[in-house]
Amino acid sequence: MASWTHKLIPTPARSVMLFVVWLLLNNSVAPVHLLAATILALAIPLITASFRDKQTPFIQWRLAFWYLLKVLGDIVLANVQVIRIVLGPNRLLRPGFVMVPLELRGALPLSILACTVSLTPGTVSAEILPYQHDPDEDVGERFLLIHVLDLSDEAALIQEIKQRYEQPLQEMFGC
Amino acid sequence: MSGIEWLIAVLVLLGAIFVLLGSVALVKLPDFYTRLHGPTKATTLGLGSLVLASMIFFNFVQNELSLQQLLIALFLFITAPVTAYMLIKAGMHQKVAALEVTKNQHLMQVSGKKPAP
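Top to bottom, those sequences are chains A and B.
By my numbering, the letter at position 131 of the first sequence is numbered 131, and the numbering carries on one by one without gaps.
By my numbering, the letter at position 38 of the second sequence is numbered 38, and the numbering carries on one by one without gaps.
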């Protein structure tokens, strides 16, 4: 790619996404919306360029697709499970906090893992430890603190999160 | 009623039930941290299925292309976990008390520090 196009469109994928999202928001492909979408798709990446973190450069899209399907399935299962807990009596609740050691690195993969954990069976992610300003900086061992609605077997839960979500993400991002 | 209308009806009903149960969870569960679970999960799935029903209705019954609902679903799935994360983190920093039976309560205090597992 010539350098001037790179300067004009620093993040082509994001520009395409903005374009499509704008057309979807208006639910129309009338010329005026096409024009507005083009302007937004060009302007927003330029304006926000200085806020942006370093990108995780490499994503295996095929694995990402399977991951998405798996997570969607898990969300449905998670709901049935949570509803069973919600409708049961409160005294049977066994909530708890769990610290999951992480091998995953990088800002984007960690965010995806935290969001996945929040959306799936009985767990909400609370914090990634230790706190650091730059998520790409290496700080040694890292943990994900989660709150669990029904905690029976801590080790099994940690194992499941690592196998089911962390490992595919590691493969997906090659880290 | 045609098959597609049945499908839409089932999706709308399921969606409504899930959204209702998410709200029930918010009222019924005993402490701040357990209450967070209802809105992040049940409401997401409930709204997801309502949105799906809406898409099927406009695209196949009204026969007009309508993909806006995809955006609703997308934004919902992106924002729900982030909201939950901000809330639980704020709760821990404010030292909101957790239910007594909650296991590993000491972990709430490591928030913001390096843990000693």
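It is possible that some hints are incorrect.
[As the list claims (entries may be wrong)] Example chain A residues on the side facing chain B (calculated, C-beta under 8 Å, incomplete):
| no. | residue |
| --- | --- |
| 1 | L18 |
| 2 | V21 |
| 3 | W22 |
| 4 | N27 |
| 5 | A30 |
| 6 | P31 |
| 7 | V32 |
| 8 | A36 |
| 9 | L77 |
| 10 | N79 |
| 11 | L93 |
| 12 | V98 |
| 13 | H147 |
| 14 | L149 |
The hints are simulated quantities; they were obtained by calculation from the structure and are not laboratory data.
The C-beta atom is built at its ideal place from N, Cα and C for all residues, glycine as well.
* Asked: Quick one, is the N79/A hint okay against chain B at 8 Å, beta carbons?
  -> holds (5 Å)
* To do: Answer holds if the nearest beta-carbon of chain B is closer than 8 Å to that of L93/A; otherwise answer violated.
  => holds (6 Å)
* Under 8 Å, Cβ to Cβ, is where L77/A needs to be relative to chain B, so tell me if that hint holds or is violated. => Hint violated; L77/A Cβ to chain B Cβ min 10 Å, cut 8 Å.
* To do: Tell me if L149/A is really an interface residue toward chain B, meaning its C-beta lies closer than 8 Å to one of theirs.
  => Because about 5 Å separates L149/A from the closest Cβ in chain B, which is inside the 8 Å limit, the hint holds.
* Have a go at the A36/A hint: is there a Cβ in chain B nearer than 8 Å to its own Cβ? => violated (16 Å)
* Asked: Was the hint right that W22/A lines chain B, CB cutoff 8 Å?
  -> Violated, about 10 Å.
* Does V32/A pass the interface check with chain B, least Cβ-Cβ distance below 8 Å? -> violated (17 Å)
* To do: Could you check if L18/A really has its C-beta closer than 8 Å to a C-beta on chain B?
  => Cβ of L18/A sits 12 Å from chain B, so the hint is violated.
* Was the hint right that N27/A lines chain B, CB cutoff 8 Å? -> Since the shortest Cβ distance to chain B is 5 Å, the answer is holds.
* At a threshold of 8 Å, is the proposed contact between P31/A and chain B supported by beta-carbon distances? -> violated (18 Å)
* Hold the hint about V98/A up to the distance rule: shortest CB distance to chain B must be less than 8 Å. => With a closest approach of 7 Å, the V98/A hint holds.
* Asked: At a threshold of 8 Å, is the proposed contact between A30/A and chain B supported by beta-carbon distances?
  -> violated (14 Å)
When the structure is compared with the earlier hints, violations turn up for hints 1, 3, 5, 6, 7, 8, 9 and for no others.
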